[in-house]
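Protein chains in written order, with the numbering used here: chain A, 2 to 48; chain B, 2 to 48; chain C, 3 to 386; chain D, 3 to 386.
The reader is advised that the hints may include incorrect statements.
Some chain B residues well away from chain D (every beta-carbon gap over 12 Å; in silico) [claimed, not checked]: (1) Trp-10; (2) Tyr-13; (3) Leu-14; (4) Ala-15; (5) Glu-16; (6) His-17; (7) Pro-18; (8) Glu-19; (9) Leu-20; (10) Pro-24; (11) Gln-26.
Once the Cα atoms are required to be at most 30 Å apart in a straight line, the calculated DSS-like pairs of lysine-lysine come out as [unchecked claim]: (12) C:Lys-143 <-> A:Lys-5; (13) D:Lys-338 <-> D:Lys-306; (14) B:Lys-31 <-> D:Lys-168; (15) C:Lys-210 <-> C:Lys-261; (16) D:Lys-224 <-> B:Lys-23; (17) C:Lys-64 <-> B:Lys-31.
Everything labelled a hint here was simulated from the structure, so no lab data went into it.
In this text, a Cβ means the ideal position worked out from N, Cα and C, and glycines have one as well.
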Amino acid sequence: MDSKYYLTWEEYLAEHPELEDKPTQAIAPKIQKYEDAMFVFIMDLLL
Amino acid sequence: MDSKYYLTWEEYLAEHPELEDKPTQAIAPKIQKYEDAMFVFIMDLLL
Amino acid sequence: MTDAVTMTNERNQLFRDLFSGKTPKRVPVSNPATQDFAIQYAGLDLAECQWDLTKLEPVYDKFCQDFFTDTYPGGSIRIPSHYQLLGSTPIVMSSSGFMQHPEVVGLLAEEYDEFIASPYDCIVEKVLPRLFTELNGAPGKVAMSLAKAMRAQSDDLAYLGTIRAKMNAKYGYAGMIGALTEAPFDFMADFLRSFKGISGDVRRYPDKVAAACDAVLPLMIKKGTLPNPSMLGYTFIPLHMAPYLRDKDFATLYWPTFKKLVETMASMGQNVQLFVEQDWMRYLDYLYELPENTIMRFEYGDAKLVKEKLGKKHIISGFYPITLLQTGTKQQCIDKAKELLDILAPGGKYWFQADKSVINFEAKGPVAENMSAVLEYVHENGTY
Amino acid sequence: MTDAVTMTNERNQLFRDLFSGKTPKRVPVSNPATQDFAIQYAGLDLAECQWDLTKLEPVYDKFCQDFFTDTYPGGSIRIPSHYQLLGSTPIVMSSSGFMQHPEVVGLLAEEYDEFIASPYDCIVEKVLPRLFTELNGAPGKVAMSLAKAMRAQSDDLAYLGTIRAKMNAKYGYAGMIGALTEAPFDFMADFLRSFKGISGDVRRYPDKVAAACDAVLPLMIKKGTLPNPSMLGYTFIPLHMAPYLRDKDFATLYWPTFKKLVETMASMGQNVQLFVEQDWMRYLDYLYELPENTIMRFEYGDAKLVKEKLGKKHIISGFYPITLLQTGTKQQCIDKAKELLDILAPGGKYWFQADKSVINFEAKGPVAENMSAVLEYVHENGTY
Numbered sequence: 002m003d004s005k006y007y008l009t010w011e012e013y014l015a016e017h018p019e020l021e022d023k024p025t026q027a028i029a030p031k032i033q034k035y036e037d038a039m040f041v042f043i044m045d046l047l048l
Numbered sequence: 002m003d004s005k006y007y008l009t010w011e012e013y014l015a016e017h018p019e020l021e022d023k024p025t026q027a028i029a030p031k032i033q034k035y036e037d038a039m040f041v042f043i044m045d046l047l048l
Numbered sequence: 003m004t005d006a007v008t009m010t011n012e013r014n015q016l017f018r019d020l021f022s023g024k025t026p027k028r029v030p031v032s033n034p035a036t037q038d039f040a041i042q043y044a045g046l047d048l049a050e051c052q053w054d055l056t057k058l059e060p061v062y063d064k065f066c067q068d069f070f071t072d073t074y075p076g077g078s079i080r081i082p083s084h085y086q087l088l089g090s091t092p093i094v095m096s097s098s099g100f101m102q103h104p105e106v107v108g109l110l111a112e113e114y115d116e117f118i119a120s121p122y123d124c125i126v127e128k129v130l131p132r133l134f135t136e137l138n139g140a141p142g143k144v145a146m147s148l149a150k151a152m153r154a155q156s157d158d159l160a161y162l163g164t165i166r167a168k169m170n171a172k173y174g175y176a177g178m179i180g181a182l183t184e185a186p187f188d189f190m191a192d193f194l195r196s197f198k199g200i201s202g203d204v205r206r207y208p209d210k211v212a213a214a215c216d217a218v219l220p221l222m223i224k225k226g227t228l229p230n231p232s233m234l235g236y237t238f239i240p241l242h243m244a245p246y247l248r249d250k251d252f253a254t255l256y257w258p259t260f261k262k263l264v265e266t267m268a269s270m271g272q273n274v275q276l277f278v279e280q281d282w283m284r285y286l287d288y289l290y291e292l293p294e295n296t297i298m299r300f301e302y303g304d305a306k307l308v309k310e311k312l313g314k315k316h317i318i319s320g321f322y323p324i325t326l327l328q329t330g331t332k333q334q335c336i337d338k339a340k341e342l343l344d345i346l347a348p349g350g351k352y353w354f355q356a357d358k359s360v361i362n363f364e365a366k367g368p369v370a371e372n373m374s375a376v377l378e379y380v381h382e383n384g385t386y
Numbered sequence: 003m004t005d006a007v008t009m010t011n012e013r014n015q016l017f018r019d020l021f022s023g024k025t026p027k028r029v030p031v032s033n034p035a036t037q038d039f040a041i042q043y044a045g046l047d048l049a050e051c052q053w054d055l056t057k058l059e060p061v062y063d064k065f066c067q068d069f070f071t072d073t074y075p076g077g078s079i080r081i082p083s084h085y086q087l088l089g090s091t092p093i094v095m096s097s098s099g100f101m102q103h104p105e106v107v108g109l110l111a112e113e114y115d116e117f118i119a120s121p122y123d124c125i126v127e128k129v130l131p132r133l134f135t136e137l138n139g140a141p142g143k144v145a146m147s148l149a150k151a152m153r154a155q156s157d158d159l160a161y162l163g164t165i166r167a168k169m170n171a172k173y174g175y176a177g178m179i180g181a182l183t184e185a186p187f188d189f190m191a192d193f194l195r196s197f198k199g200i201s202g203d204v205r206r207y208p209d210k211v212a213a214a215c216d217a218v219l220p221l222m223i224k225k226g227t228l229p230n231p232s233m234l235g236y237t238f239i240p241l242h243m244a245p246y247l248r249d250k251d252f253a254t255l256y257w258p259t260f261k262k263l264v265e266t267m268a269s270m271g272q273n274v275q276l277f278v279e280q281d282w283m284r285y286l287d288y289l290y291e292l293p294e295n296t297i298m299r300f301e302y303g304d305a306k307l308v309k310e311k312l313g314k315k316h317i318i319s320g321f322y323p324i325t326l327l328q329t330g331t332k333q334q335c336i337d338k339a340k341e342l343l344d345i346l347a348p349g350g351k352y353w354f355q356a357d358k359s360v361i362n363f364e365a366k367g368p369v370a371e372n373m374s375a376v377l378e379y380v381h382e383n384g385t386y
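If we strip away everything but chain A, and leave its shape as in the complex, we get:
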C-alpha cells in the first residue's frame, strides 16, 4: 500500500534516524500497531 498516510516500519525508521541507537525490536511493533490501528479505524468508517 503506497500512501503518504501509511508507513511501514522500514519507511518510518528511514524518516526517523533518531531511533537508530534505540531498541528498535521493541519500538517497531508499537509504531506499527498504531499505524495499523489508524488504518483500521479509518477503513471501518467506510464499511
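The hints should help you fit chains B, C and D onto chain A, whose structure is shown.
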C-alpha cells in the same frame, strides 16, 4: 475557559441540535469525558 | 476444568472441524439476534444503552441465558460515540436508536483518477472530510476530533470486549475472532459512489470502476487480515451489489477483484465468511470457483440447489427466514429449521445461521419464543 | 479480609489523618526511587522496557518487594511512545534511555498578546506545531499523529494502571490518586518561553508576563482538578522558577496566580502537594499564607526553620538528601533519617519523602542497600 478548541456540554449541545431527541443524560458525560481527556492530553504535553 | 471451559473447548472443536472441512460432532448454531434486539429484549432504551455501555452487561447476560448459541451473540456493532464525535453523515442514529446508513457520496465522479492513483490518500484527503463534518475545518479541530473519536471507539470496543470475555467464560462459547472487509466493488459503492452513483458509473466509465477496484484491492486485503490468523478466526465479507448488476458487469467489474480478495485471504490461511446478501442464484458457478471451505451465508435462494452445487466444496449457512419468526407458529418455525437441517446438514459443511440479523424485538410478538425454540431445536437435532 | 487489604486500609488511614491535619499512627513513607531506577535495578534495559511495557510487571514486583513504601512507587512517568509519535522536541529519550527535557521555546515573545487573548487556542495553533514536528504539516497527517499518540498514551497508561492495581493488591499500598499541574509562571517558563526567555521577559515586559499568568490560571486550575476529589487524592505542583527570581518579581509575577491556584484547589476540597524545588527559604512567609494542610515537599533549605515557621499549619516533607545514599555509609544514611524524623515528626504533619527522585541505579554502588535501610528505619521508628 473560553476556547474554540474546548466546549462545555452546553456549548456542544447548542451546536448539535440532532441530539435533542436523544438520551442526553447518557451522552453528556461521554462527550465531556473525551473533551476533558483531550485537554488533559494536550496540557500534559507541556508539563 | 469448569463446565464453561469444557464447553468452549467442545465448541472450538466444532468450528475447527467445520472450517477445515471435517464433519463436526453436531451442526454449530449462531443466534441471529443482535445487541439491538438484546437491549429491547431486556426492556431497556436502545439509544441510551448504546451510549452508556455500562448498562449492557445484564443485557447480554439475559440474552445469553435465554437463547442457545455456540458463538457469542454480540456481532459487529456500530457504537454511536465515535460517529457522533466525527460528525458522521454516513452512519447516524435514528430517533428510535438504530444506527442507520443513509445514502451518501464520499467520492465525486471527477475524483476517480485521483482515487485510482492513491486510494488511501484520497480517502484521507477527500472522502473523510466530505462524509464527516468534524473532519472538515480548521486543522486543530480536525485533529482533536479524530483523536477523541479514535480514543472513544477504542475505549468502547475494550469495554464490549470485557463483557464478551465474561460471557464467553460463563456460557462457554467458541473463541471466535473476526475481521471485516468488503469486495472492492461494494466498497466503491457503499460509502464512496452510492448505489445510484456506481450504477451510472458502470455504464458511463466502466474502465474507471475497474481500475478503482484494482486500486482498492490491497486496502481490502489489509483490512480483512487478522493479526494472527487461526483456525477460529475468519474474515467477514458482506456482499451487496452483485444481484443488482448485469451478468457481464458482474463478470468484468465485480468478480475479478472479489475473487482475488478471497483467494488472497485463503492463501494466507485465513477463513473467509461471505454474507451472500440478496439472491445470488445466477452466480453459483462463480461462487464455486472460490477456495475450498469458503463459508457462505446466504440470504435468499434455493437451499437445495446451493447444497448440490456448492455443498461439497464450501461451507453453507444462512437461508433461515427470520420473517417466519414474526409470522409463523412455533411449529412452523421448527418445521422450517428441520427442513433446512435435512437439506443442508448431510455430509457436514453446514453452520446454522439465519438469512439476516434479528434487530427488532416487540414485547408482544412471538419472535423471542420462536427464535428460542428454533435454536434449541437445531442444537438438539443437529447431531451427526 | 486479606493482609494486603488490611494494610491498604491502614495506610489509607495514615494519609487521611495526615492530609486532614491529624497525627497519624506513624510517619507515612514514600520510596523516592522511580520506574527508571526499578528497571535498572532489575537488570533490564531502560529504553527497551519503556517501549515494551510488558516487561515491567516483574520489574515492579521486585521493586515493591525490596523497598518499603506506603505508596505505590510508580510516580508520574513520561512514556516514550506518544512523544515519539508526535515528533516531540521538548521531551526526548536520551541514548541511555532517560526521558529528557531540552530547553525549548514554544511561544515567541511577539505572540504574548495572542496567548493572553486565548491561551488554549494559542497552544493548539502555535505552540504544539512548533514543539511537536508531527503536529506541523498536512492536516491529515497532523490529525492521524495526534490520534495515534493519544491512543498510544491511553493504552500505555491503562497498562501501567493494571500493574499498579496488581501491586496495590499484593503489597497493600494506600490508594492514592493524583493530578498534575503547574504554577502559571512555571508553565509559561518551562515549555513556552524557556528559562532564558522568561528571564528576559520579566525585565522587558513584566506586564505581559503577569497577564499571561492570569490568562493561563484557569487552564492550570482545570488541569489540576481531580475528577473526584477525595481525601486520598492530591494535586501535585512542582515549583521551578521562584528561586531564580528577584523578590519583587516573585511578589508581582510568580506569587499571585500561584496562590490563587492553590487556594482554588483547596476550596474545591482537593489536597495540594507542592514540590518546592531548589531553595525557597527566603519565601517561607509567602508559603505560610497558603491554605492549611498544604503539603510541601522541600528540596533544599533548613528543615528546622521550616518546621518552626510552617510545621503547625502545613504538612512538611522532603529534605532527605538522596546524594547521601550514594556517598554515605549505611549508618550515616540512617543517622540522617533519624535527624529529620527528630526535627520534622514531632506534632505530626510529616511525610517521609526524599529531596528528589532517585532515577539512577549503579549495580556496584551503595544506593539500593542504603535506600532500603533508610526506608525500613523510618517505617520502624516513625511511630507516634
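Right, here's what the structure says about each hint:
| no. | hint | verdict |
| --- | --- | --- |
| 1 | Trp-10 | holds (15 Å) |
| 2 | Tyr-13 | holds (16 Å) |
| 3 | Leu-14 | holds (20 Å) |
| 4 | Ala-15 | holds (19 Å) |
| 5 | Glu-16 | holds (17 Å) |
| 6 | His-17 | holds (20 Å) |
| 7 | Pro-18 | holds (25 Å) |
| 8 | Glu-19 | holds (23 Å) |
| 9 | Leu-20 | holds (23 Å) |
| 10 | Pro-24 | holds (22 Å) |
| 11 | Gln-26 | holds (18 Å) |
| 12 | C:Lys-143 <-> A:Lys-5 | holds (21 Å) |
| 13 | D:Lys-338 <-> D:Lys-306 | holds (14 Å) |
| 14 | B:Lys-31 <-> D:Lys-168 | holds (28 Å) |
| 15 | C:Lys-210 <-> C:Lys-261 | holds (19 Å) |
| 16 | D:Lys-224 <-> B:Lys-23 | holds (29 Å) |
| 17 | C:Lys-64 <-> B:Lys-31 | holds (26 Å) |
The structure is consistent with each of the numbered hints, conforming to all of them.
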